[in-house]
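Number of protein chains: 2
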Amino acid sequence: MPRMAQSPTDAVLAAIRFDSNGLVPAIAQQHDTGEVLMLAWMNREAVVETLATGRVCYFSRSRNALWRKGETSGQEQHLRELRVDCDGDTLLLLVDQHGVACHTGRRACFFRAVRDGALVEIAAPLVSPEALYGPGHRHG
Amino acid sequence: MPRMAQSPTDAVLAAIRFDSNGLVPAIAQQHDTGEVLMLAWMNREAVVETLATGRVCYFSRSRNALWRKGETSGQEQHLRELRVDCDGDTLLLLVDQHGVACHTGRRACFFRAVRDGALVEIAAPLVSPEALYGPGHRHG
Numbered sequence: 001m002p003r004m005a006q007s008p009t010d011a012v013l014a015a016i017r018f019d020s021n022g023l024v025p026a027i028a029q030q031h032d033t034g035e036v037l038m039l040a041w042m043n044r045e046a047v048v049e050t051l052a053t054g055r056v057c058y059f060s061r062s063r064n065a066l067w068r069k070g071e072t073s074g075q076e077q078h079l080r081e082l083r084v085d086c087d088g089d090t091l092l093l094l095v096d097q098h099g100v101a102c103h104t105g106r107r108a109c110f111f112r113a114v115r116d117g118a119l120v121e122i123a124a125p126l127v128s129p130e131a132l133y134g135p136g137h138r139h140g
Numbered sequence: 001m002p003r004m005a006q007s008p009t010d011a012v013l014a015a016i017r018f019d020s021n022g023l024v025p026a027i028a029q030q031h032d033t034g035e036v037l038m039l040a041w042m043n044r045e046a047v048v049e050t051l052a053t054g055r056v057c058y059f060s061r062s063r064n065a066l067w068r069k070g071e072t073s074g075q076e077q078h079l080r081e082l083r084v085d086c087d088g089d090t091l092l093l094l095v096d097q098h099g100v101a102c103h104t105g106r107r108a109c110f111f112r113a114v115r116d117g118a119l120v121e122i123a124a125p126l127v128s129p130e131a132l133y134g135p136g137h138r139h140g
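Residue numbers (our numbering), protein chains in the order written: chain Y, 1 to 140; chain V, 1 to 140.
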């Protein structure tokens, strides 16, 4: 019998080596500037939903639930391209980030750097966490 | 008593939340082009050595040992800047990659992408793995 053509989602899932917790790390990179915004984790369901909707969905390890980026804060990530690495154990998401990626209100999460012999902050918040999540709200 | 000034290495180690295996994921990005080259893991010792020598050293989970990038293949990574994310659970390494980062001989590990409804290869090897590691040699 001829094999059914594999859907792109099936092909991606087959290429990913999820870890013992069923997760794979995913790097989000702004598609046009090249800025690395954040790293988060995905399970199978998050990969499937992200490819189906074009809006990036992670798996929150702290909340143990799907985490639709921007659902609370409005700072959505729209997928431009999903890439899989050589070993299938990391994803690279080229995204269009609306607003800020970091829950601290900064554009990217990597705002601390070793420079001139010290660990220093190299980016300031663009919006306050309260404006993103409301007072006392927990991000996720 | 006055506190001793913290060294940058101590400050970085204090900022990192290593996982239950004592590891933290590290993204390597080419400092000038912005290309995301690879993701690998570091333990405390790898972070200390990388900051001390300026040559990137990872921890190989498959070999359970320090992995001085390029030691076998000659494809070294030189550190330009180390960044820590908001939660301290991911590192971003801005590097100068000599030659190719991927053990397949490609410049970067993320050479498979979902395009036009299929998972396709978007980059070809620049050198053969045999040229990097010798026949039958296992990369690490």
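Wrong hints could be hidden among the right ones.
[As the list claims (entries may be wrong)] Residues from chain Y that face chain V, not an exhaustive set, calculated with beta carbons under 8 angstroms:
{"#": "1", "residue": "Phe18"}
{"#": "2", "residue": "Gln29"}
{"#": "3", "residue": "Leu82"}
{"#": "4", "residue": "Gly99"}
{"#": "5", "residue": "Val100"}
{"#": "6", "residue": "Cys102"}
{"#": "7", "residue": "Thr104"}
{"#": "8", "residue": "Gly105"}
{"#": "9", "residue": "Cys109"}
{"#": "10", "residue": "Arg112"}
{"#": "11", "residue": "Gly117"}
{"#": "12", "residue": "Tyr133"}
[Stated by the list, open to error] Covered stretches of chain V, going by a simulated chain Y footprint (3 or more residues, C-beta under 8 angstroms):
{"#": "13", "stretch": "9 to 20"}
{"#": "14", "stretch": "28 to 35"}
{"#": "15", "stretch": "69 to 83"}
{"#": "16", "stretch": "86 to 93"}
{"#": "17", "stretch": "96 to 108"}
{"#": "18", "stretch": "129 to 135"}
[Unchecked claim] Cβ pair distances, simulated, as ranges:
{"#": "19", "chain 1": "V", "residue 1": "Glu130", "chain 2": "Y", "residue 2": "Ile122", "range": "30 to 36 angstroms"}
{"#": "20", "chain 1": "Y", "residue 1": "Ala52", "chain 2": "V", "residue 2": "Asp32", "range": "33 to 39 angstroms"}
{"#": "21", "chain 1": "V", "residue 1": "Val120", "chain 2": "Y", "residue 2": "Asp96", "range": "33 to 39 angstroms"}
If you are wondering where the hints come from, they were derived from the structure by calculation, not from laboratory data.
Even glycine gets a Cβ: it sits at the ideal position worked out from N, Cα and C.
- Message: A closest beta-carbon separation below 8 angstroms is what the hint needs, so does cysteine 102 of chain Y meet it against chain V?
- Response: 5 angstroms, holds
- Message: Given a cut of 8 angstroms on the nearest C-beta pair, is the interface hint for glycine 105 of chain Y held or broken against chain V?
- Response: Result: violated, 10 angstroms to nearest chain V Cβ.
- Should the interface hint for arginine 112 of chain Y be scored as holding, given a Cβ-Cβ cut-off of 8 angstroms against chain V? With Cβ-Cβ at 5 angstroms, under 8 angstroms, it holds.
- Regarding the hint that tyrosine 133 of chain Y lies at the interface with chain V, is the smallest CB-CB distance below 8 angstroms? It is violated, given that the least Cβ distance between tyrosine 133 of chain Y and chain V is near 14 angstroms, above 8 angstroms.
- Range hint 33 to 39 angstroms: satisfied by the CB atoms of alanine 52 of chain Y and aspartate 32 of chain V? For alanine 52 of chain Y and aspartate 32 of chain V the Cβ distance comes to about 36 angstroms; the hint holds.
- Message: Using C-beta distances, would you say chain Y covers the stretch 9 to 20 of chain V, given that this needs three or more residues below 8 angstroms?
- Response: Contact hint for the stretch 9 to 20 of chain V vs chain Y: holds, 3 residues under 8 angstroms.
- Regarding the hint that valine 100 of chain Y lies at the interface with chain V, is the smallest CB-CB distance below 8 angstroms? Since chain V brings no Cβ nearer than about 11 angstroms to valine 100 of chain Y, farther than 8 angstroms, the hint is violated.
- Message: Under 8 angstroms is the threshold here; is the Cβ of glutamine 29 of chain Y close enough to any Cβ of chain V for the hint to stand?
- Response: For glutamine 29 of chain Y, the interface hint holds, since the closest Cβ of chain V sits about 6 angstroms away, which is under 8 angstroms.
- Item | valine 120 of chain V versus aspartate 96 of chain Y beta-carbon gap, inside 33 to 39 angstroms or not | 21 angstroms, violated
- Under 8 angstroms, Cβ to Cβ, is where cysteine 109 of chain Y needs to be relative to chain V, so tell me if that hint holds or is violated. Result: holds, 4 angstroms to nearest chain V Cβ.
- Would you check chain Y against the stretch 96 to 108 of chain V, counting CB to CB pairs closer than 8 angstroms, and say if three or more residues qualify? holds (count 4)
- Query: Against chain V, with CB atoms and a cut of 8 angstroms, does the hint on glycine 99 of chain Y hold up?
  - Reply: Interface hint status for glycine 99 of chain Y: violated (15 angstroms vs cutoff 8 angstroms).
Violation of the numbered hints given earlier is confined to hints 1, 4, 5, 8, 12, 18, 19 and 21; the remaining hints are satisfied by the structure.
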